[in-house]
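Novice: Spelled out, the chains give:
Number of protein chains: 2
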Amino acid sequence: MARWEPDAAGRLAEAAMQLYRERGFDRTTVADIAARAGLTERTFFRYFADKREVLFSGAGTLQEFLVDQVASAPASTPPIDVVAGALAETGQLFEQRRDFARHRHALIVAHAELHERELIKLAALATAIGEALRRRGVPAPAASLAAEAGMTIFKRAFEAWVEDGKKRDLGHHVRAAHAELEGVVVGTRRPRAPAGRARRGSR
Amino acid sequence: MARWEPDAAGRLAEAAMQLYRERGFDRTTVADIAARAGLTERTFFRYFADKREVLFSGAGTLQEFLVDQVASAPASTPPIDVVAGALAETGQLFEQRRDFARHRHALIVAHAELHERELIKLAALATAIGEALRRRGVPAPAASLAAEAGMTIFKRAFEAWVEDGKKRDLGHHVRAAHAELEGVVVGTRRPRAPAGRARRGSR
Chain V
39 MARWEPDAAG RLAEAAMQLY RERGFDRTTV ADIAARAGLT ERTFFRYFAD KREVLFSGAG
99 TLQEFLVDQV ASAPASTPPI DVVAGALAET GQLFEQRRDF ARHRHALIVA HAELHERELI
159 KLAALATAIG EALRRRGVPA PAASLAAEAG MTIFKRAFEA WVEDGKKRDL GHHVRAAHAE
219 LEGVVVGTRR PRAPAGRARR GSR
Chain U
39 MARWEPDAAG RLAEAAMQLY RERGFDRTTV ADIAARAGLT ERTFFRYFAD KREVLFSGAG
99 TLQEFLVDQV ASAPASTPPI DVVAGALAET GQLFEQRRDF ARHRHALIVA HAELHERELI
159 KLAALATAIG EALRRRGVPA PAASLAAEAG MTIFKRAFEA WVEDGKKRDL GHHVRAAHAE
219 LEGVVVGTRR PRAPAGRARR GSR
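Chains as they are written, first to last, in this note's numbering: chain V, 39 to 241; chain U, 39 to 241.
I should point out that these hints are in silico values taken from the structure, not numbers from a laboratory. Predicted model only: the values in this text are computed from it and were never measured. Incorrect hints may appear among the rest.
[To be verified] Label pairs and their calculated CB-CB ranges:
# : chain 1 : residue 1 : chain 2 : residue 2 : range
1 : V       : R136      : U       : A178      : 13 to 23 Å
2 : V       : H153      : U       : S110      : 26 to 36 Å
3 : V       : R173      : U       : T78       : 24 to 34 Å
4 : V       : G48       : U       : A148      : 47 to 57 Å
5 : V       : G221      : U       : E91       : 31 to 41 Å
6 : V       : R59       : U       : A46       : 38 to 48 Å
7 : V       : R173      : U       : P177      : 48 to 58 Å
8 : V       : G48       : U       : A144      : 52 to 62 Å
9 : U       : A87       : V       : F83       : 28 to 38 Å
Idealized CB from N, CA, C, for every residue including glycine.
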């Protein structure tokens, strides 16, 4: 699924990324991208609405993959674990593309218009995941909250993954981010054990 | 702070909301809004960049308020409680404006271009809150995660608040949404007590 193919869309995306890095996003035109890929502008517009969209061509595949994963998780799995499990599995979509993902991430951070589109895509993803959870029978507020929490986990995991010098896979970072979010959201609100009971190191 | 004043910006916002409800967002022009408010288009553009922005005029005040609240929370308060506490306090900004907020929310849900702008404003708010937490000494990943979790809480609380037939205040809904998120993110992952120990009702 979503394996890298030397197809027109893939060649255009690669050409675009090369040019964005060489001369910057703002100074690259659709004509430049098409020429670098050895294709026509007309072909470019068959695949992408504009030069931003090149960086989001995987969004549809990602959404389909996640919705499938959510739908096929065992019925007894709690919603947040369904979502985190699905996100961890996306490692197989991204593993061959860590360099592309790193460069893409740097562009998105640096350009407000790309960041905006990223936000919109992530919101659409959260909606799709929330709907997939509701089809599993998860009630509406919990489904949305689990989907939104999943996006928070995913953003954090993705950032850590693209920056990881040790090249651990995305699944590792999803699990770590889930644990981090857990610690942040509730760690400090857990009722404290009464003094003198079950405290590590006492006795 | 942010009390409703019969000033130009406020009159324009009220006029815009009336017109959006009467004839729809798409069929309302800036000229219509200015005329309804008894002001000129020129005045409109002194306050707002376009007819979408009218619905987001409170974003700056909200951000300033939240950053202030975060900065002034006791040093010992855990980050998520700092954020949730700040969000609960926004009730005082919104209490007089529940009808406006409800109509505004309905418009945002119905119009992709408004929803996009809402996402951008919320992301900016999350960034500002994350930075305010870092200034308190919260390390970077935890600060961002607490801020993002805060936005999830806020969106959920706001929705519940605008729909609440019992008119409970926003602070109530922030606390409820925080508890809901807590239950979703970690409730089911808590290590289960070993069988026969500390189980309610045994003995």
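Novice: Now tell me, hint by hint, if it's right for this structure.
Specialist: Each hint tested on the structure:
no.: 1; hint: R136(V) <-> A178(U): 13 to 23 Å; verdict: holds (22 Å)
no.: 2; hint: H153(V) <-> S110(U): 26 to 36 Å; verdict: holds (30 Å)
no.: 3; hint: R173(V) <-> T78(U): 24 to 34 Å; verdict: violated (52 Å)
no.: 4; hint: G48(V) <-> A148(U): 47 to 57 Å; verdict: violated (37 Å)
no.: 5; hint: G221(V) <-> E91(U): 31 to 41 Å; verdict: holds (38 Å)
no.: 6; hint: R59(V) <-> A46(U): 38 to 48 Å; verdict: holds (47 Å)
no.: 7; hint: R173(V) <-> P177(U): 48 to 58 Å; verdict: violated (38 Å)
no.: 8; hint: G48(V) <-> A144(U): 52 to 62 Å; verdict: violated (42 Å)
no.: 9; hint: A87(U) <-> F83(V): 28 to 38 Å; verdict: holds (29 Å)
The structure does not agree with the numbered hints 3, 4, 7 and 8 stated previously, though it agrees with the rest.
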